[in-house]
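S.K.: Okay, here's what each chain looks like letter by letter:
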Amino acid sequence: MTEMNMIEAINFTLKQEMEKDENVLILGEDIGRNGGVFRATDGLVDTFGERRVVDTPLAESAIIGTAVGMAVRGLKPVAEIQFLGFIYESMDQIAAQAARIRFRSAGNYHAPMVIRAPYSGGVKTPELHSDSLEALFMHSAGIKVIMPSTPSDAKGLLSAAIADPDPVLFLEPMKLYRALRENVEEERFTIEIGEANVVMEGSDITLISWGAAMAETKKAVQMLEENGYSIELIDLRTIVPLDEETIIDSVMKTSRCVVVHEAVKSAGVGAEISAIINEKALFYISAPVLRVTGYDSPYPVATVENEWIPSMDRIVREVKHVWELSLD
Amino acid sequence: MNWIEPNIIDVNPLQQLNEQGILTGETSISDEEKLEIYKWMVKARRFDELAVKFQRQGRIGTYAPLIGQEAAQVGSAFALEKKDWIFPSYREAGACFVRGTKPSSFFKYAMGHLHGGILKEERIFPVQIIIGAQTLHAAGSAWADQYKTNGAVSVAYVGDGATSQGDFHEALNFASVFQLPVIYFVQNNQWAISVPYHKQTNSQSIAQKALAYGMTGVQVDGNDAVAVYETMKQARSLAREGKPVLIEALTHRMGPHTTSDDPSKYRSREADEAWDKKDPIFRYRKWLEGLQLWSEEEEQDLNASIEEELKQAFNEAAETTTASLGEALGHVYEKPTNRLKEQILEWEGSGESK
Ligand SMILES: Cc1ncc(C[n+]2csc(CCOP(=O)(O)OP(=O)(O)O)c2C)c(N)n1
Chain D
793 MTEMNMIEAI NFTLKQEMEK DENVLILGED IGRNGGVFRA TDGLVDTFGE RRVVDTPLAE
853 SAIIGTAVGM AVRGLKPVAE IQFLGFIYES MDQIAAQAAR IRFRSAGNYH APMVIRAPYS
913 GGVKTPELHS DSLEALFMHS AGIKVIMPST PSDAKGLLSA AIADPDPVLF LEPMKLYRAL
973 RENVEEERFT IEIGEANVVM EGSDITLISW GAAMAETKKA VQMLEENGYS IELIDLRTIV
1033 PLDEETIIDS VMKTSRCVVV HEAVKSAGVG AEISAIINEK ALFYISAPVL RVTGYDSPYP
1093 VATVENEWIP SMDRIVREVK HVWELSLD
Chain V
149 MNWIEPNIID VNPLQQLNEQ GILTGETSIS DEEKLEIYKW MVKARRFDEL AVKFQRQGRI
209 GTYAPLIGQE AAQVGSAFAL EKKDWIFPSY REAGACFVRG TKPSSFFKYA MGHLHGGILK
269 EERIFPVQII IGAQTLHAAG SAWADQYKTN GAVSVAYVGD GATSQGDFHE ALNFASVFQL
329 PVIYFVQNNQ WAISVPYHKQ TNSQSIAQKA LAYGMTGVQV DGNDAVAVYE TMKQARSLAR
389 EGKPVLIEAL THRMGPHTTS DDPSKYRSRE ADEAWDKKDP IFRYRKWLEG LQLWSEEEEQ
449 DLNASIEEEL KQAFNEAAET TTASLGEALG HVYEKPTNRL KEQILEWEGS GESK
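The listed protein sequences correspond, in order, to chains D and V.
Quick note: the first sequence uses my numbering, first residue 793, plus one each step.
Quick note: the second sequence uses my numbering, first residue 149, plus one each step.
Hints were generated in silico from the structure; no laboratory data involved.
There could be a bad hint or two in this list.
[Said to hold, decoys possible] A few chain V residues facing chain D, derived, Cβ under 10 Å: (1) Asp315; (2) Pro411; (3) Gln491.
None of the values given here were measured: they were computed from a predicted structure.
Virtual Cβ for every residue (Gly too), placed ideally from N, Cα, C.
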């Protein structure tokens, strides 16, 4: 066990995976000598050389498009998009190429690749650096989407992502890169993609969150527990595939659910979760599923971002609201 | 000749004012304009130094320094007319000042104010964060001007890194096919964050890329405000006739990429020193002094007045009350959707509006 923050855990994992398999290579902007703008790839070029740690020209579509070609031909590319907001540049290569190639070729080809990208607000970045865009990819069948919230989860899930035979989008909450340190198993391990983590068991209300939003959600849970609520907290960890079973089991037990995410409300992952509960556990719930989310606007300027991001206060309020709305 | 080898193209930068401040070419710039250009460059640099300092003190957010690129920015913007449009990246404070942007706007932008940044009246598009995206906007704007035959040109400012983006290539192709009144002004400052020019492209120059699109290209010493100005003037008249131009201004980003970047990770002080000798302001001042247009006393007066202006600008920005989230949400659509109205009400009622 070693104490690591999330960025160190990611750096450690990349190194470990590259040592394990020489077909793993990483590519992206400023990931070489500079070690990535967040230092996620720090030192890797010294260890593995420029053939496996590739500083590319500034072209996202090319980074993802070439990774698709590499992946189909037997390499294991781990591509970095410097900030998630820049991923739109490569939307065709991800949604229309990487995600579809298996389907389109009736299983003859597949693209086992990982795309890493930092996202999340609360760190006063310039425009387009903070957006949470996971719903776009949930809507693009053929790609998996992972969003860890702890250093250990980041490690186990990144190893699993690199081993996965499908394209995986691995989204890293910038806000949590250095926010917490914990003991992380050094030895290689994987966490199953698609398995949510029940962080805390409780009987009154199920709170579901993931990635960056876990920080405020955890604070809210503490506050609510102090106020006498028994909260079951679920960290989804993976958006696609979605761990429906854990969600449904929990909601059947608590009969109430609030989803917290940083992305905008409309057509967000929260809407999907709400629909699933509606379909599979309607007669077990005693209140509508509520969502605490970003507002339906582009991610805003720094002076108002803290009001935009779901705060502990908003989460607490919605949980109390659900409680009041309950039929039983 | 059937095979086109890359080295058949010989591109040499235009220079008119050399590193020692000696005019080696000709210029049409009047004495009054010569001084104006100088003052804009000095203002850009002082602003830059101050912005970096304020960021370090935590008084503004992330800032992208322009030091070293004053001649490229001021020389090019100064050659434009009021009716022209510019499409900047995040590093173009110098060019924007020439177009009328107040330093306080830039401070506000860096502080994350809703109303920070630049204005429509200045005919400047909002600061672009997505590398290269503005190249297509400039083509579209030029298209509109061509359609309206109003004689204006559009200028997109990009870095060398942006020339790797698909948008850039699509923009050049459209500009040329449709003969648009547009100028692509690439500040080749040698670096795209940590990636040096030679790893960005294998072309010997960016200017030569124009050839593939059937348009005119030129490389200019970007630290020479005189050559940049003259080149831009000429490009402007070509563009007006429907001959788009690609300009590569060779310059150097003397500072870090942004205030959160540490260049010692990827470049050496020694390599930078050769460029320091090409400082655009130093040579320009030498030239003015040689022409008896400038003195140490005037320099001090200028510095003092800029100092005062920038201090006031910062205070103005610092005293500006921040807009509320509710106001920000009112700018998503012309009329808020029902869902947004609901969210604004929810936000107002939430007690967080205090
Ligand atoms: C589409 C996109 N990808 C990546 C980035 C992150 N990024 C910001 S500036 C930059 C380097 C830009 O270099 P260049 O075009 O040469 O302009 P310069 O910064 O030198 O002015 C990068 C990679 C971005 N803003 N947009």
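S.K.: Evaluate each hint against the coordinates.
M.R.: Each hint tested on the structure:
no.: 1; hint: Asp315; in the structure: 8 Å, holds
no.: 2; hint: Pro411; in the structure: 9 Å, holds
no.: 3; hint: Gln491; in the structure: 5 Å, holds
In the structure shown, no violation is registered for any of the earlier numbered hints.
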